[in-house]
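A.B. asks: As a plain string of letters, each chain reads:
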Amino acid sequence: MAKAKKHEDANREPFVRIVKKGTPSRKRSVAVRAGSLLAALLICSAYILIVGKGEISIGEALSQMWNGTFGIPGNERSMRIMMWDTAIYAAKLLCISVALTPAFKMKFWNIGAEGQVVIGGLATAIIMHDYAGSMSKPMMLVVMITVCIIAGAVWGIIPAVFKAYFGTNETLFTLMMNYVAMKIMDYFYNMWKGKLSALPTFDKETWFPSLLDHSYTWNIIIFVALAFIMYFYLKKTKHGYEISVIGDSANTARYAGINVKKVIIRTMAISGAICGLCGGLTVAAQNHSIAYSAEAVHTVTNGYGFTAIIVAWLANFNTIGMIFISLLILFLEKGTGQLGNSFPEFSVGAGNVMIGIVLFCIIGGAFFLNYRLVFCDAVKNIFRKKSAKGGAQNA
Amino acid sequence: MLSTVLSWIVRAILFGAVIMYGSLGETLTEKSGNMNLGTPGIMCIGGAFGFGCTYLYEMNIENPNPVLTIAIALFCAFFFSALAGMLFCFLTTTLRANQNVTGLAMTIFGTGLAKFFGTFIIPEGVVTVKATYANSLFCKTIPLDFGESTAAQIAEAFLCSHGFMLYLAIIIAVVMAFFLKKTKAGLNLRAVGENPATADAAGINVSKYKYLATSIGAGIAGLGGAYYILDYNYGGWSTGAAGGLQALGWLAVALVIFAVWRPINLIWGSFIFGLCYWLYNYIVVFGIKMTSAQSSLLEAVPYLVTIIVLIISSVHKKKENQPPSALGLAYFREER
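Quick mapping for you: the protein sequence lines, in order, are chains A and B. Quick note, the working numbering runs 303 ahead of the 1-based positions in the first sequence. Quick note, the working numbering runs 743 ahead of the 1-based positions in the second sequence.
Certain hints may be false.
Stated by the list, open to error - Once the Cα atoms are required to be at most 20 Å apart in a straight line, the calculated EDC-like pairs of lysine to aspartate or glutamate come out as:
1. Lys324/A x Glu1077/B
2. Lys408/A x Asp516/A
3. Lys323/A x Glu1063/B
4. Lys927/B x Glu1063/B
Please keep in mind that the hints were generated in silico from the structure rather than gathered at the bench.
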């Protein structure tokens, strides 16, 4: 008897089950994203109330975060400084995210952007340090750009070759390559530094030309342009089509006559090359120096090699959408930094926790893009009865 | 000369034991097909809460009980890390989010939470706080003296110059190896990691195994965090300690590959990683003098060795040396 009852239970419809949906409509994806952000805002509000022991109001916190990212409204000087600063970092984050996109679309999990950026930056730095004054300025700039692209591409091709020919796990391979690149940069940093307390900036003659009073204006222009070029490359070219076919199914691609090995290696070369370019430009135009990995923030990458993975994924591989996601991340990063300056309760860690909460909400919310919850009939009936009652009353 | 080698061995074993916890947890997690790149963050959480709770206990009690001090540290580290593991599993298994993305977000979150929790404990204007009593308990070595001969001293360095956490790590490794190879639940777990669809068809509750393996795995990794703070870092907590712990967490992920997903290999693998890590400090043993710049190249050795192991195991294609084949993939029953 008891056994029969149990059997009956097992056959009963589950309380809630999950059904996969097709491609989400634009309306739905906007609604889901907005819902995720709203949930994040609610949780963060509660968090700010707890951290600030009720003394920090949500509005004040938000306005502080705004000031920290875009400057104090009305104060032109503060706005100019903050906006330029936000723009360059957002552009850098955008560039790395754009670089990762073709690889990710191919389902090649390149989490080695950090290393590819570092090695590109190092290649440029070597030219700036050792060959300063040995060639004309335009020639110098061309060489600096070329070497960083080549270095990044090589760093990307190595794991790609092993993936293509031996099926080596690319996630773990590229992850390890990050640290190898960083240690190589440490080597040059310590060698050049010698007995000094910190590495001085490179010879001014080798710096990238400045524009509009900022040394890194060209970086912003190039990085944003890359986002549009990549959008076109993925949507409108044969290469882009091959990438998305491989991403959907490598077997289908092979059957359709696509040379999968070649595409994997070519795409990773592009991915690595753009990362390398980002590193090279950062060193040549923004930092004019390289960084030591034991410091709290690696100034060549700012840890964006990892953050970019999240950005690329959150933007659903839409390189233009990444502009907004990069700005959102920068708003969180710089905003929570500003909160820390204004309120002592809000330490560095507290800011990271808040970024984590927002990311979890968006990551978790993406579930509702692709899946739908279906409740069992009993629950449905309750809703149906309620709406019927409501309808009757209205009538 | 001998004393230098001995101190190298002792330091290598201590360092290895810390990352071994991270790797043990990650091995168990990856066996279920979940790749938790949040391990560095989770180790930070373990370190912060394990240290924090035992520190509060020791500060507020007149005569702290040794057993209770250790129990509080280990329990809190395990519990809060396991919670973080559960959150990871909820996002990746139930909500089917991408594991790499979730893991990296977990690293940001975990490191932040650790630093944030630390600021509650550290009084204003102080950089480091120390849990002196807990540290003395974690550092307590076995009081055995083997004698003065070279062999005896080496044996001493290997066997009894360490706190109890080293032996606990070895026990966990052996138990985990037995569990994975010899028990039915272990077989089920491996089936989930290799091919969840087949496991599901065989009547195994895939989600349950993923949740349990990921949570317990995260808990074990968290123990390593507490061990790092209370022994390796001489019982001191500072915001910088969280940064050091995070760097170590990535090595733990590397070690899992180095050991080709086998808990027993972790025991000697962690020792080799420890030797590699400290190589830059003890390279004089081989009669080589290095500048500080050159020694930073040596720090890349553990990562290079891991890459070589990864390549060799994929070129050889030996079945027993491969990562779990469903590693990193979300499973959805209605999808083929």
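A.B. asks: Each hint should be assessed against the structure and marked as holding or not.
C.D. replies: Hints, verified against the model:
1. Lys324/A x Glu1077/B: Satisfied, since the Cα-Cα distance of roughly 11 Å is no more than 20 Å.
2. Lys408/A x Asp516/A: Violated - the C-alpha atoms of Asp516/A and Lys408/A are around 38 Å apart, more than 20 Å.
3. Lys323/A x Glu1063/B: Distance of about 34 Å is beyond 20 Å: violated.
4. Lys927/B x Glu1063/B: holds (18 Å)
Hint compliance for this structure: hints 2 and 3 are broken, all remaining hints hold.
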